[in-house]
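Colleague: Sequence:
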Amino acid sequence: MKRGLLIFAFIIIFVDLVSSLGISHYYTSSDRIIEFKPGLQRSYSYTINGDRPDQEIEVYVMGDLAQYAKLNTDRLIGGGGITVNISLPQEIDVPGPHILYIGAIEVILEGVGIGTRVAIQTSIIINVPYPGRYVEATLKADDVNEGEPVNIELQIWNKGKEDYSVNVLLEMHLGLKENILETISLGEKFMESGTNAVFQKELFNYKPGNYFIEAVISYGGILKLNDTFRVGTLRVDLINYTYDAYIKSTNKFDLIIESKWNNKIENVFADIRIFNGTATVSEFKTPSEILEPWGTKMLRGYFDTIEFGEGDYKGNITINYEGKESRYDNISLKFSKKPSLIKNVFFIGTVISGIIAIVFILIILRMKLKNKKREKIKNNNILKT
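Read in order, the letters of the sequence shown are residues 366 to 750 in this note's numbering.
Quick caveat, the hints were computed from the structure, so don't treat them as lab data.
Nothing here was measured: the structure is a model prediction, and the numbers come from that model.
Treat the hints with caution; some may be incorrect.
Unchecked claim - Quick list of in silico lysine to aspartate or glutamate cross-link-like pairs, EDC-like style, CA-CA up to 16 Å:
#1 K402 to E456
#2 K526 to E400
#3 K617 to E648
Stated by the list, open to error - Restraint-style ranges between C-beta atoms, simulated for each label pair:
#4 T643 to V581: 54 to 64 Å
#5 L405 to P514: 36 to 46 Å
#6 V563 to K629: 26 to 36 Å
Idealized CB from N, CA, C, for every residue including glycine.
Generate coordinates for the entire structure from the input sequences, incorporating the hints supplied.
Modeller: Okay, structure coming up:
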């Protein structure tokens, strides 16, 4: 490693493509992943941008496979282009991903003093295959609304040294894993070492609800992975609400609501009515809110209970949204007197007094035990003499 990288007196700040020092390229993420092949050669070109035309910049390669990567230059003035030539050996003993870091760092002139060195770097991943058969996979199922197709995507990577065929089955479950709705075959594909395969499927006519999907991949062994997805319906559910309130006061009334829709719902509010028998004794509404997809939100309204007496009341809650409503009738409410401040103070004082009394008793008991020990030691000393 270059001498400049070993000077710990400087603070090295690594940033990602935004600083006084920059590195640019035109490679996608997949372009910067190399699947190992014996003797494989590949070149990458980058542009280093400095903030001053006279700025000296040191270029480097780091990583456990850095000995197989060569730079066309290790110094630039003000910036410029660099090329990294990768020449892999016939064999690499350690399987798995290996990361090469290609970077640039400002050179601070000697005698300038303690300063900050800005560095920038990017990476290349070299995947070395595992012995035999080795599979990695991802499964993704998107949330949708009723009437929309469910998009399923399964990606499989052959990370082993052997070539083989993969066969894929999907098991669809409603709610719990045990309730199998259907089994779907995604077919078979042949995969060479270091390649990947994509299986896609659209599912139709699934009713609103929560679903569990499991992919079973056969490749000479078995790999299982799972995901969940939801099919939404335009509905807002009441999860919880304020049950208790005080009479002769202004009360807040909170509702927790939950969206069952895979899109944002705007202008959601609730109308609340409270009854004493058949007579309406209070009627109010909450301000409107926005519900995110599948989100929960608290709605809060206020009402007076000046004319209320103690007891149990009934009510209904109507949640309004998108020209629809969710109605909850015959909810239960309980109204009682607000505890007086004097009673609260008396209760707190009683608790504090009790704690003080317990502490005092413990101190006395400890002192008595110490006195007994002293008397015992004194008596033993008298007997010895």
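Colleague: Looking only at beta-carbon atoms, does the pair L405, P514 fall within the given range of 36 to 46 Å?
Modeller: At 41 Å between Cβs, range holds.
Colleague: Does E456 sit within 16 Å of K402, going by the straight-line distance between their CA atoms?
Modeller: This hinted pair holds, its Cα atoms lying about 8 Å apart.
Colleague: Are the Cα positions of K526 and E400 separated by 16 Å at most?
Modeller: holds, 11 Å
Colleague: Does the Cβ distance between V563 and K629 fall inside 26 to 36 Å?
Modeller: Holds - the Cβ-Cβ distance for V563 and K629, about 30 Å, lies within 26 to 36 Å.
Colleague: Next pair to validate is K617 with E648; report whether the Cα-Cα distance is within 16 Å.
Modeller: Given that 16 Å is the threshold and the Cα spacing comes to 13 Å, the pair holds.
Colleague: Is it true that the C-beta distance of T643 to V581 lies inside 54 to 64 Å, as the hint says?
Modeller: This hint holds: roughly 60 Å between Cβ atoms.
Figure legend: structure checked against the earlier numbered hints; every hint is met.
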